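Participant: Sequence:
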Amino acid sequence: MSTAGTPALDEMTELRERNRAVIEAFFTSDLDKPEERLAVWHDEGVKELPFAPKELPKTRWEGRDEIVANTLGNTGMFANCVHRDIEIHGTDDPALFFVKSRMIDAATFLGQPYPQSFVHELRVQDGKIILQREYFNSQLLAETEAAAGRQGRTPHG
Numbered sequence: 000m001s002t003a004g005t006p007a008l009d010e011m012t013e014l015r016e017r018n019r020a021v022i023e024a025f026f027t028s029d030l031d032k033p034e035e036r037l038a039v040w041h042d043e044g045v046k047e048l049p050f051a052p053k054e055l056p057k058t059r060w061e062g063r064d065e066i067v068a069n070t071l072g073n074t075g076m077f078a079n080c081v082h083r084d085i086e087i088h089g090t091d092d093p094a095l096f097f098v099k100s101r102m103i104d105a106a107t108f109l110g111q112p113y114p115q116s117f118v119h120e121l122r123v124q125d126g127k128i129i130l131q132r133e134y135f136n137s138q139l140l141a142e143t144e145a146a147a148g149r150q151g152r153t154p155h156g
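In numbering that gives the first Met the number 0, the protein residues as written are 0 to 156.
Hints are computed from structural coordinates only; laboratory data are not their basis.
Because the structure is a prediction, the values reported are computed rather than measured.
Ideal placement from N, C-alpha and C gives every residue a C-beta, glycine not left out.
Incorrect hints may have been included.
With a straight-line Cα cutoff of 20 Å, these simulated SDA-like cross-link-like pairs (lysine to any residue) come out [stated by the list, open to error]: (1) LYS57 x ILE129; (2) LYS99 x GLN138; (3) LYS99 x GLY75; (4) LYS57 x GLU35; (5) LYS46 x PHE117; (6) LYS57 x ALA7; (7) LYS127 x VAL21; (8) LYS127 x PHE97; (9) LYS32 x LYS46; (10) LYS53 x ALA145; (11) LYS127 x ARG63; (12) LYS46 x ALA94; (13) LYS99 x PRO114; (14) LYS32 x GLY75; (15) LYS46 x GLU120; (16) LYS32 x ARG83; (17) LYS127 x HIS88; (18) LYS32 x HIS88; (19) LYS99 x LEU130; (20) LYS99 x TYR134; (21) LYS127 x PRO93; (22) LYS127 x PRO56; (23) LYS32 x PRO93.
Cβ pair distances, simulated, as ranges [stated by the list, open to error]: (24) ALA7 x GLY110: 17 to 25 Å; (25) LEU55 x LEU8: 38 to 46 Å; (26) LEU14 x GLU86: 49 to 57 Å; (27) ASN79 x LEU8: 19 to 27 Å; (28) THR153 x LYS127: 29 to 37 Å; (29) THR153 x ARG17: 37 to 45 Å; (30) GLU16 x ARG152: 24 to 32 Å; (31) ARG152 x LYS53: 19 to 27 Å; (32) ARG17 x GLU142: 33 to 41 Å; (33) GLU86 x ARG152: 14 to 22 Å.
Sequences and hints are given; from them, build the entire structure.
Facilitator: Encoded structure:
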């Protein structure tokens, strides 16, 4: 039995597509223009790095002020961080998405090459990102930071 054309199903499909557009805007935003990325964040948004290296001073940011501070701080540490090979996977929940991506070859962290790959868990609420959990190779981040540190570049100045 087909459910195509069912009002509830049509509404869910429409919501999923609107939310997917938010996810696409997030990943196509220009990180050299942080206001583009910040425009898609919910005021009560949360960003988490669940498996980040333990040396990182912070792995969770809550609310607009912390998200803005993290985004602006990252613009000074990362360069050419453009996501490519983006694969967006929806779920039965029209607000929840998983995204695979990787950095372009020119991406750097503290001036060091940063060939990172990611899996993101994102949740959309009211047309904005309310949750981002970012999973990546923590060892690569730690090694890249150590290499930059040997050249006198650190995330803290």
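Participant: Look at each hint and say if it fits the structure.
Facilitator: Verification of the hints:
1. LYS57 x ILE129: holds, 19 Å
2. LYS99 x GLN138: Roughly 18 Å separates the two Cα atoms, so the pair holds.
3. LYS99 x GLY75: violated, 24 Å
4. LYS57 x GLU35: violated, 23 Å
5. LYS46 x PHE117: holds, 14 Å
6. LYS57 x ALA7: violated, 41 Å
7. LYS127 x VAL21: Judged against 20 Å, a Cα distance of about 7 Å means the pair holds.
8. LYS127 x PHE97: holds, 15 Å
9. LYS32 x LYS46: holds, 19 Å
10. LYS53 x ALA145: Holds - the C-alpha atoms of ALA145 and LYS53 are around 14 Å apart, at most 20 Å.
11. LYS127 x ARG63: holds, 12 Å
12. LYS46 x ALA94: Since the Cα atoms of LYS46 and ALA94 sit roughly 16 Å apart, the hinted pair holds (cutoff 20 Å).
13. LYS99 x PRO114: holds, 14 Å
14. LYS32 x GLY75: holds, 12 Å
15. LYS46 x GLU120: It holds: about 10 Å lies between the C-alpha atoms, which stays within 20 Å.
16. LYS32 x ARG83: holds, 18 Å
17. LYS127 x HIS88: Holds, because 17 Å separates the two Cα atoms, which is no more than 20 Å.
18. LYS32 x HIS88: violated, 26 Å
19. LYS99 x LEU130: holds, 16 Å
20. LYS99 x TYR134: Satisfied, since the Cα-Cα distance of roughly 10 Å is no more than 20 Å.
21. LYS127 x PRO93: holds, 13 Å
22. LYS127 x PRO56: violated, 27 Å
23. LYS32 x PRO93: Distance ~28 Å between LYS32 and PRO93 Cα, so the pair is violated.
24. ALA7 x GLY110: 17 to 25 Å: violated, 52 Å
25. LEU55 x LEU8: 38 to 46 Å: Given about 43 Å between the Cβ atoms, the range holds.
26. LEU14 x GLU86: 49 to 57 Å: Given a distance of about 21 Å, which is not inside 49 to 57 Å, the answer is violated.
27. ASN79 x LEU8: 19 to 27 Å: violated, 42 Å
28. THR153 x LYS127: 29 to 37 Å: Because 33 Å falls inside the window, the suggested range holds.
29. THR153 x ARG17: 37 to 45 Å: holds, 41 Å
30. GLU16 x ARG152: 24 to 32 Å: Check failed, 42 Å falls outside 24 to 32 Å.
31. ARG152 x LYS53: 19 to 27 Å: At 21 Å between Cβs, range holds.
32. ARG17 x GLU142: 33 to 41 Å: holds, 40 Å
33. GLU86 x ARG152: 14 to 22 Å: Roughly 32 Å apart at Cβ, these two residues miss the hinted range, so it is violated.
The structure is inconsistent with the numbered hints 3, 4, 6, 18, 22, 23, 24, 26, 27, 30 and 33, although it conforms to all the rest.
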